[in-house]
Each structure stands twice: as C-alpha cells, then as structure tokens.
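Number of protein chains: 2
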Amino acid sequence: MKNSIKKSPGLGIMLVGKRKDSQSFIHIKKKACEEVGIISEVVDLPEDCTEGEVLDVVSELNHKESVHGILVQLPLPSHLSEQNIINAVKVEKDVDGFHPVNIGNLAMMGREPLFTPCASKGCIEVLHRCGVEIMGKKAVVIGTNYRITHFLVIAETSCYSECGTCIHPEEITREADILVSDVGVPNLVRGHWLKPGVVVIDMGSTLVTDSKGSRVTGDVCYEEAILKASLITPVPGGVGPITISMLLYNTVEAAKRAYQWSEKS
Amino acid sequence: MKNSIKKSPGLGIMLVGKRKDSQSFIHIKKKACEEVGIISEVVDLPEDCTEGEVLDVVSELNHKESVHGILVQLPLPSHLSEQNIINAVKVEKDVDGFHPVNIGNLAMMGREPLFTPCASKGCIEVLHRCGVEIMGKKAVVIGTNYRITHFLVIAETSCYSECGTCIHPEEITREADILVSDVGVPNLVRGHWLKPGVVVIDMGSTLVTDSKGSRVTGDVCYEEAILKASLITPVPGGVGPITISMLLYNTVEAAKRAYQWSEKS
Numbered sequence: 001m002k003n004s005i006k007k008s009p010g011l012g013i014m015l016v017g018k019r020k021d022s023q024s025f026i027h028i029k030k031k032a033c034e035e036v037g038i039i040s041e042v043v044d045l046p047e048d049c050t051e052g053e054v055l056d057v058v059s060e061l062n063h064k065e066s067v068h069g070i071l072v073q074l075p076l077p078s079h080l081s082e083q084n085i086i087n088a089v090k091v092e093k094d095v096d097g098f099h100p101v102n103i104g105n106l107a108m109m110g111r112e113p114l115f116t117p118c119a120s121k122g123c124i125e126v127l128h129r130c131g132v133e134i135m136g137k138k139a140v141v142i143g144t145n146y147r148i149t150h151f152l153v154i155a156e157t158s159c160y161s162e163c164g165t166c167i168h169p170e171e172i173t174r175e176a177d178i179l180v181s182d183v184g185v186p187n188l189v190r191g192h193w194l195k196p197g198v199v200v201i202d203m204g205s206t207l208v209t210d211s212k213g214s215r216v217t218g219d220v221c222y223e224e225a226i227l228k229a230s231l232i233t234p235v236p237g238g239v240g241p242i243t244i245s246m247l248l249y250n251t252v253e254a255a256k257r258a259y260q261w262s263e264k265s
Numbered sequence: 001m002k003n004s005i006k007k008s009p010g011l012g013i014m015l016v017g018k019r020k021d022s023q024s025f026i027h028i029k030k031k032a033c034e035e036v037g038i039i040s041e042v043v044d045l046p047e048d049c050t051e052g053e054v055l056d057v058v059s060e061l062n063h064k065e066s067v068h069g070i071l072v073q074l075p076l077p078s079h080l081s082e083q084n085i086i087n088a089v090k091v092e093k094d095v096d097g098f099h100p101v102n103i104g105n106l107a108m109m110g111r112e113p114l115f116t117p118c119a120s121k122g123c124i125e126v127l128h129r130c131g132v133e134i135m136g137k138k139a140v141v142i143g144t145n146y147r148i149t150h151f152l153v154i155a156e157t158s159c160y161s162e163c164g165t166c167i168h169p170e171e172i173t174r175e176a177d178i179l180v181s182d183v184g185v186p187n188l189v190r191g192h193w194l195k196p197g198v199v200v201i202d203m204g205s206t207l208v209t210d211s212k213g214s215r216v217t218g219d220v221c222y223e224e225a226i227l228k229a230s231l232i233t234p235v236p237g238g239v240g241p242i243t244i245s246m247l248l249y250n251t252v253e254a255a256k257r258a259y260q261w262s263e264k265s
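Chain order of the listed sequences is A and B.
For the first sequence, this note's numbering assigns the number 1 to the initial residue and increments by one for each residue that follows.
For the second sequence, this note's numbering assigns the number 1 to the initial residue and increments by one for each residue that follows.
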C-alpha cells in the first residue's frame with residue numbers, strides 16, 4: 001500500500017486513565033503496529049474526564065482521514081458508559097468489532113460484519129492454521145463473555161454447546177472435540193473435564209500474583225490438560241499474540257476499504 | 001393511551017408482490033391490530049418494483065408521525081436486498097426486531113435492544129406463562145434461523161446446545177429438558193428424539209398439501225411427541241398467535257416511547 005499509493009494504515013488508540021494492564025496492552029499493540037508499518041496514535045485522557053470529552057475525541061478520530069481504525073481500550077473508568085462510547089465509533093473504523101451493527105451483522109445468518117472482534121477471530125484462525133476440522137465436531141464454549149466466539153464457532157460447526165454457570169460443566173465439556181474457555185478464572189478447566197484428544201483454546205487471561213511474583217494465567221490447568229489434549233494454546237503466548245495480529249489485520253482492511261485499494265490494484 | 005392522550009399506536013405494513021401466504025399473514029396481523037385498537041396501514045407494492053421504490057416507502061413510513069412500528073413482510077422478491085431494506089427501517093420503529101442494531105444489542109451481554117424479534121420473544125413468553133423454570137435446565141435449539149431464539153434461551157439458562165445439521169441430532173435432543181425446533185421440516189422431530197417430560201416449543205410452520213388438502217405443519221411429529229412431552233405447543237395455534245401478540249406488544253411499546261407515555265402517566 002505504501003509503495004503503490006504512498007499511504008499507510010492508521011490506528012487511533014484511546015486510553016482513559018492509568019491502568020497498568022491497559023498501558024501494557026497498548027504498548028504491545030503500538031509495537032506490533034510499528035513492526036508492520038501501521039501508524040498508531042495514542043490519545044491519553046485523564047481518569048476523571050467526562051463522557052463528553054471522550055466522545056469529542058472519538059468524533060475527532062472518526063473524522064481524521066489518516067486514522068482508519070479506532071480502538072477504545074477497555075475497561076473504561078466506571079463513570080463512563082462503555083455502550084455510549086463504543087456506539088459513537090464510526091462502524092467503518094470499528095476495528096475492535098464491538099459496535100452493535102457489526103455484532104448484529106455477525107450474529108445474523110447471511111450477513112457480513114465489516115469487522116469481527118479480534119480475540120474471537122483469532123480463536124477461529126488458530127483452529128484453521130492448525131488444520132483442525134471444525135465442521136461436524138462437537139464444540140463447547142465456556143463463558144458467555146459477549147458471546148462472539150460462539151457465533152463464529154456456531155457458523156463453522158453444526159453441533160455446539162455452551163455452558164455458563166452450569167452446576168456440572170464438566171459433564172458438558174467432557175463431550176467436546178473442541179473446547180474454548182473464555183471465563184477468566186485460573187485453573188477452572190481441569191484434566192478430568194477433557195475428552196482425550198480434545199483441542200483446547202484457552203482465551204482466559206488473568207493476572208495472578210503469588211509468592212512467585214505476578215504472571216498472566218489462562219482458564220485451563222495446562223499441566224493437566226496437556227496430558228489429555230491433542231492441541232492446546234498456552235497462556236501467555238497462545239491466543240494473545242494472534243489477537244494482536246487480528247487487530248492489525250482489521251486495521252489494514254479498514255485502510256484498504258478507505259482507499260479502495262487492494263493488493264491486486 | 002387513547003383515553004389519556006387521544007393517540008393510538010400505528011403499524012405500517014409493507015407488502016411487495018402477491019404471495020398468498022404473505023397476504024394471509026398480513027390479514028391476520030391487521031385483524032389483531034383492529035381488535036386491540038392499533039391503527040394499521042398496509043402499503044402494497046407490485047412484485048416488479050425497484051429497490052429504490054421500496055426504500056422510498058420505508059423512508060416515508062420512517063417520517064410519518066402516526067406510524068410507530070414498521071413491518072416489512074418477508075420474504076421479499078429475490079431481486080430486492082432484504083438487508084438493505086431492513087437496515088433502512090428506523091431503529092425506533094423496527095417492531096420486528098430485525099435491524100442489525102437491535103440484533104446486535106440483543107446478542108451482546110448487558111445491552112438492551114429496543115425490540116426483540118416477535119417469534120423468539122413469543123417462544124420465551126410461552127415458557128414463562130406456562131411456569132416453566134428455564135435457569136439451569138438443559139435447553140436445545142434445533143435450526144440456526146437467525147439464531148435469535150438462541151440468544152434469549154442462552155440468556156435465561158446457562159446450559160445450552162444447538163444443533164443445525166448434526167449427523168445424529170437425536171443424540172443431542174434426547175438430553176434436552178426444553179427443546180425448541182425452528183427448522184421448517186415437517187415431522188423432523190420424532191418421539192424417540194425426546195426425553196420423557198421434555199417441554200417442546202414447535203416454531204416450525206410449513207404449508208403442506210396432500211390428499212387431505214392444504215394445512216400448516218410444525219417440525220414436530222405431534223402424535224408421537226405428546227406421548228413423551230410434559231408440555232408441547234401445537235401447530236397451528238401454538239407459537240403463531242403469540243408471535244402476533246408480541247408484534248402488537250412491540251408496536252404499543254414503540255408508540256409509548258414516541259409519545260413518552262406510560263400507563264402510570
């Protein structure tokens with residue numbers, strides 16, 4: 001794109017407040033952008049800013065021609081409405097895929113969203129890249145966080161279960177050929193929850209601090225699961241990095257659409 | 001509403017072409033509107049009208065103050081884009097609940113759509129009115145038509161399965177405490193697919209013509225199912241009429257919002 005039309009994709013990132021984990025996620029995203037030639041721009045707002053101030057920044061980024069994707073780093077401080085702010089992002093720049101129009105088109109059969117949320121897209125991408133056949137397999141998703149992964153899994157397999165707060169989730173998970181966990185509870189999924197040969201995607205990401213220091217942990221007890229699973233994504237280093245790649249992918253797509261440019265042109 | 005503010009809710013119905021089943025559905029809807037004091041208005045367009053002509057009618061209904069709900073009778077002739085036409089309906093008047101913003105807000109946790117699609121809302125309403133406990137029950141939905149019922153079922157139970165074109169759907173359905181079928185294949189669900197005591201919601205509706213004449217048939221083999229199920233909705237006469245009621249409900253809601261009126265005021 002840079003060579004042929006002298007333009008680079010641009011990503012606008014908005015951070016409200018000074019959460020350490022958010023700052024660290026943004027640092028990773030900025031670095032990833034640099035590596036592939038996406039120009040990123042971070043707008044920092046103070047913890048106590050008003051919703052009006054945040055919406056003004058969103059509006060500015062919506063209008064800015066060099067910004068093709070907008071990322072609102074979540075969670076926002078509790079006095080701000082996540083819904084109002086995400087709804088204000090232009091659908092064509094919603095590279096996180098969280099605008100209700102994008103979610104709605106993702107959820108409906110036969111519709112195509114402009115963007116698919118990065119973590120969920122990453123989960124399906126991992127399965128494809130590892131050559132896992134999805135169609136006809138029994139897939140189970142634990143956790144009802146936004147339900148986005150579910151739409152994608154449903155779209156690809158025809159036999160799907162979901163358990164949120166079942167009394168005995170292990171009875172459901174033990175039947176799974178593909179198990180996706182997106183709960184945020186470390187070591188929730190134990191070895192006896194798994195069918196031998198299962199493919200496990202661990203989308204959990206929780207910061208745990210103990211005597212060994214701080215580290216990010218998934219939902220799955222990795223040491224036990226690895227004895228049962230045919231394939232498993234580790235945490236950290238599994239779904240996380242591919243989620244970042246999907247953000248870059250969506251940003252490039254947004255820029256290509258904005259400039260009506262494709263690799264072939 | 002009529003007594004207190006001298007206003008009646010209004011429903012605009014758009015029919016393109018002369019499909020007999022669509023005409024009959026609209027006749028039923030108009031009659032139901034009359035019974036409860038909703039003023040309905042049907043706009044007929046010829047089978048060969050252009051998308052522009054349909055969009056003009058939608059725009060007119062969007063602006064008309066006496067119309068609070070707009071219903072586009074589906075299916076549309078194949079030369080028209082259902083997506084373009086439904087997306088053009090004002091979200092505040094989308095009493096069918098099919099606009100992507102409404103679907104998106106329905107699909108996302110913690111969001112509230114302005115309207116929920118009538119058939120799916122009706123399905124949950126039947127369960128509530130019959131005193132069926134949903135939470136913690138194993139619910140199975142067959143059929144992936146728009147997936148809307150699924151969001152509602154997911155929201156109420158925590159243990160949910162879906163089967164589309166599974167090779168052996170009966171293995172999944174036999175575990176269901178609540179079974180919803182929304183496929184459109186007469187007699188698909190047989191007695192041996194059911195667990196004794198199951199609650200069956202038959203959302204299928206297919207016009208069958210044979211030596212006994214024409215009639216509407218559900219997905220479930222009623223004669224077999226009634227021997228197993230603790231509760232079952234018949235076709236016709238089950239989910240159909242309650243779907244109409246939900247349309248009236250949504251239309252009244254739309255009018256109440258438009259006039260900022262409530263029973264208490």
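Calculated from the structure, these hints are not laboratory results.
Keep in mind the model is a prediction, meaning the values are calculated, not measured.
Built from N, CA and C at the ideal position, the CB exists for glycine as well.
Incorrect hints may have been included.
For each label pair, taking beta carbons as the anchor points, the in silico distance ranges come out as [to be verified]:
id, chain 1, residue 1, chain 2, residue 2, range
1, A, W261, B, I28, 29 to 39 Å
2, B, R257, A, E92, 48 to 58 Å
3, B, L207, A, I5, 33 to 43 Å
4, A, G131, B, V185, 48 to 58 Å
5, A, S78, B, S214, 52 to 62 Å
6, B, R174, A, Q83, 32 to 42 Å
Here are a few chain A residues that face chain B, going by a calculated C-beta distance under 10 Å [to be verified]:
id, residue
7, N87
8, F98
9, P100
10, N102
11, G104
12, N105
13, L106
Violations among the numbered hints, reported as their numbers in ascending order: Of the numbered hints, 1, 2, 3, 4 do not hold.
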